[in-house]
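Peer 1: Each of the two chains sits in its own frame; use the hints to bring them together as a complex.
Which chain is which? The protein sequence lines are X and E, in order. Read in order, the letters of the first sequence are residues 428 to 891 in this note's numbering. Read in order, the letters of the second sequence are residues 2 to 199 in this note's numbering.
It should be emphasised that the hints constitute simulated quantities derived from the structure, not laboratory data. None of the values given here were measured: they were computed from a predicted structure. Incorrect hints may have been included.
Said to hold, decoys possible - Restraint-style ranges between C-beta atoms, simulated for each label pair:
no.: 1; chain 1: E; residue 1: E138; chain 2: X; residue 2: E886; range: 57 to 65 Å
no.: 2; chain 1: X; residue 1: M428; chain 2: E; residue 2: E171; range: 33 to 41 Å
no.: 3; chain 1: E; residue 1: S145; chain 2: X; residue 2: S693; range: 45 to 53 Å
no.: 4; chain 1: X; residue 1: D483; chain 2: E; residue 2: G96; range: 38 to 46 Å
no.: 5; chain 1: X; residue 1: T607; chain 2: E; residue 2: D162; range: 45 to 53 Å
no.: 6; chain 1: X; residue 1: A841; chain 2: E; residue 2: T18; range: 28 to 36 Å
The beta-carbon is built from N, C-alpha and C at its ideal position, and this holds for glycine as well.
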Amino acid sequence: MTQTLFDKVWDRHIVVPETTANPATLYIDLHLIHEVTSPQAFTELKERGLEVRRPDRTLATIDHSTPTRVNADGSRPYVTPQAETQVETLLANTKAHGIETHGWDSEHRGIVHVMGPELGATQPGMTIVCGDSHTSTHGAFGAIAFGIGTTQVGHVLANQSILMRKPKTMSIEVNGTLQTGVTPKDVILAIIAEIGIGGGTGYALEYRGNVFREMSMDGRMTVCNMSIEAGARCGMVAPDQITFDYIEGRKFAPADYEAACEDWASLTTDDGAIFDKVVRIKAEDISPMVTYGTHPGMGIPITEVIPAAASDADQDALDYMQLTSGDKIAGTTVDKVFIGSCTNSRLEDLRAAAAIMKGRTVAQGVTTIVVPGSVITKFQAEEEGLDKIFTDAGAEWREAGCSMCLGMNGDIGAPGDLVVSTSNRNFMGRQGPGVRTVLASPETAAATAIHGVITDPREFGAAA
Amino acid sequence: MSFQPLTKVTSKTLVLTATNIDTDQIMPAKFLSMTTKAGLGEHVFANLRYNADGSETDHILNTPAGKASEILVAGHNFGCGSSREHAPWGLTDYGIRVVISSEVADIFRTNSLKNGLLPIIIEKRAHDWLLDNPGVEVTVDLDSCEVHLPRNGGTYKFEIDDFSRHCLMEGVDEMGYLQGQHIELDKFEKNQGGNRNS
Ligand code: SF4
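One chain only, chain E, in its complex shape (with noise of 0.2 Å):
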């Protein structure tokens, strides 16, 4: 599953400031039937999006500017709840690139770093500010693992471990890099000895 190298993304911000943002928000369950990845974009936060009878709300992501974006700004603890990769497939495919926020649950994470989505874990002060100041410009260097937040609101640092951000910003993927492993993969099979059925 290869995506579009991530280095430098500069974008007005989405903000939503609900804390404990669950999968199942981003997604809802009725989309995962899907048998590919293709449209989710469509899908994502369809609870906040769609009145009953489909119609669009008028919720910053079906406006213009929401759908400009590709920096999104959420509360603490983001992506919490349900493993589906439904969610980084829907935020990516509507455009998103990067998420800032106080806290990410570890699977939505791991399944983001795949997708070439970045989640960025940012200090409070930094974090309280971006939620008070909707739509402000923002670059993300992934470079410098830095955040750059406009009107001399300061330069901000990120971690990211460099496996992760060596994978972004080549556009590469892990599945290369296990295939280059069989031989380490051999050798530890050989030597667990026996499968589950022995």
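Excised from the complex, chain X in its bound form (with noise of 0.2 Å):
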């Protein structure tokens, strides 16, 4: 029988089956978690008397409440004590259970969808939850990796296991060549205006073609974080050499390497294996592409105009935006630029937008804010010399974490700000009320922190 690499995953997965009546019961290889959707899981285990099953296929950082600057005197401004109580709450609640926990004192904390890959605790055939619905990610490596709430979060810490019931596939297929300057996030922009927001629900998705072959892991990493910007729950790339390469050597890769890639190299969709659903983009058809309204489906290549709004929700989020049908987005003043968050912070990120920022002045009066993923990347980053090419340029190089992404943890915008921003979501008041966010590549994120206006990466040569 011919199987989707979704369907070869599952099955292996699955503890009880599902039935007409019931849900499968799913085993979890690897629980990530956080300190925003985990207390509550945690006492709720208090209050049943249940202890955490495994707590070592469970890892812990810190990363959505945490400062990112550090006071002259050492200490951290925290936004509220509520936040530090938070972040204190998850340190205590993983001491008592014996989690493994990257916290302060690590080099691998930083936003968790960062820290898994980097650990080499995220692997194919793998399947991983967190209380976060970027877990997506990690699907980049061949794994069934998704988002869960917070009961959830209870359910894997107490049983290792969710239930749920088999989402449909959808194969997404991109082949042909990129032009150049067009990024993993230009292609995964492009998916989502394509399909829409609510195109991916209650679907998996399954990223195929050359185009997806051809790219680095953290380009692929940057295209499953955002499935869930369709609504699908995840999205996966089969594993290859690039994918065992990326492992090899990091601290939770397989003892018995060799043994471990010939298993993964078996994790490929099956020639004729039937997805529920097919969509097909052509390469050359994707441009550098900017978001111009409330929410990720909203994007168009930056060389184009706004479009007409087709409903009145359109024309609210024009309206919040700002923007004007039939201006061209390009050259659009902003306010801010937020190169960071768990879509497109790894050290690759770094390096495009830091191509482009090398030898030039960031336009007077925009904020521009770099936060690295994690503290290893911050780390490589400095040892090739980025984070100079930053501060030269007059942007702000902080400490890791989720940052600007959501603000959580202070770091926000002033009502009405324009933010480029690298991040996956341009809710309304996402990073900040009344704050206006435009979703870009890191490079056309430094372009436009160049110029102040909305920029075109292409016009400093970028290459892809």
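Peer 2: Written out as structure tokens, the structure is:
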């Protein structure tokens, strides 16, 4: 019987099969936790007198509420006492249950979806969950990885499994040659613009075609990260030599690495396997993308004019963004630029932004902050001198964390600010009340910071 | 996390016509630093309900009619975005027991069902009618999986899997169910062999 990649990984994790009456009980190989969506789950465990079943399959970090600055005296400027309590609660809970935690003193501390792959904990064929919708990121390794709510965090802590019905599968094929200057972020923004923000609801996506085969792991993670922005809980790329090379030598890489690779290599969609839906996009048709509205599906090539509103909701979005149909999006004045988030805060992203900023200066009045995804990423970038390039250009170089992606730690814009952001959500108020967010690639964000207006990075000769 | 069993709800509707209402709107990030669930109803849709100075707006959510409603009718694709369970916690704490839309995002749907909040996807004709007629009295019957519209508006079927329906109607949660599978779990772990540290 021919199977898709998703089917193969799914089948390996069935504890109790699905019936018409009951959902499947799906075993979870790796559970990532952070401070925001776990405290109520630990409380639940305590109230029920339950233990954590597999602390060895659980990994924790702190990222959402953590300040990205350090005070002169070494203390941390938490946005509220509550935020500090939340971080302390996580540290106390994981300590009590013997869960490996990458807290303040770990070089692996960082955004949970940057940490897992960096540790080599994210591996092909796994099931991975986290109380965070961008868990889809880990699908880049050929894992089934999806976000869960806090109740399910409790289920996984106690039972290392969740109840779930098998989703449908969708193949998203991008073949051909990408234009110079088109990045993985542009590819996924183009896909979401094509299928819509609800287009993936109920599906597991598999990204197929030479464009993904040729992409680095950092790029594949950027793509899979935003699967949820199309409504899909997970998105996958089949593992290959690029995947294996990435994992080799990392902390949690399997001891018998050869045998693991051999097994992983079998995790591909069989020829002739049937998907419930197939979407095909030509690589040549994709341009550098930016969003102009208030959800990630409202994206257009940076060279285009803002489309006419097709509905009242579209018009509300344009009004909120203070943008006008028929105007060019390029050239729009910006107030802030944010380079970071689990979508685009890895070394490759920072290198791409630095390549454009090198020897140039950020436009006057445009606050630009660069936030690496993890402490290790920060160190590596500093070794390459990227921090110097950013600070010389007039950008701020911060401590690792989620930062302005959702602004929980207090890194937010002022009402009315237009922020060009490499993150994944441009929802109303996501980066602060009244803040207008434009999603873009690190290249586009860097080029925009230099000119102070939304800028096509190809003006700087950016290469893909 | 047990909750009030849900079998039949009759209530005037609270209507939010916007499409793609994401969980950032339902529960803004600044309320996610709570380490408990209590009192989140106060913050649900905070950006619509409060002015910058903290005073209340005249939004329907702040009116007695809004607060008395147990059925929320929302535009297409409700609950997209972040996985924060604070969204259904806030809605149920506010008093909502049923959400009706023409599409409900996956994670929000899953989270809702675990908190005694019933998400219903209803056919477009009925959805449009509900959006156009805010405040009408609607009955949702989970036993028969039907929504009854008033004024001869008709009766519409909705789908829900038996397992979720059973949990909602009995007010039972899934933790106990999973706890009951420890033999299967032990067996699975034994067959699967090593762990990621091996
Ligand atoms: S960077 Fe943004 S999207 Fe990613 S985990 Fe943090 S808050 Fe969520």
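Peer 1: Against each hint, give a clear statement of whether it holds in the structure.
Peer 2: Cross-check of the supplied hints:
1. At about 60 Å, the beta-carbon gap between E/E138 and X/E886 stays in the expected band of 57 to 65 Å.
2. Under the hint 33 to 41 Å, the C-beta atoms of X/M428 and E/E171, about 38 Å apart, fit the expected range.
3. A hinted range of 45 to 53 Å holds for the C-beta pair E/S145 and X/S693, which are about 47 Å apart.
4. One distance hint, 38 to 46 Å for the beta-carbon pair X/D483 and E/G96, holds here, with the actual separation near 42 Å.
5. Taking the beta carbon of each, X/T607 and E/D162 are about 49 Å apart, inside 45 to 53 Å as hinted.
6. In this structure the supplied range 28 to 36 Å holds for X/A841 paired with E/T18, their Cβ-Cβ distance being about 29 Å.
Every hint, counting from the list given before, is met by this structure.
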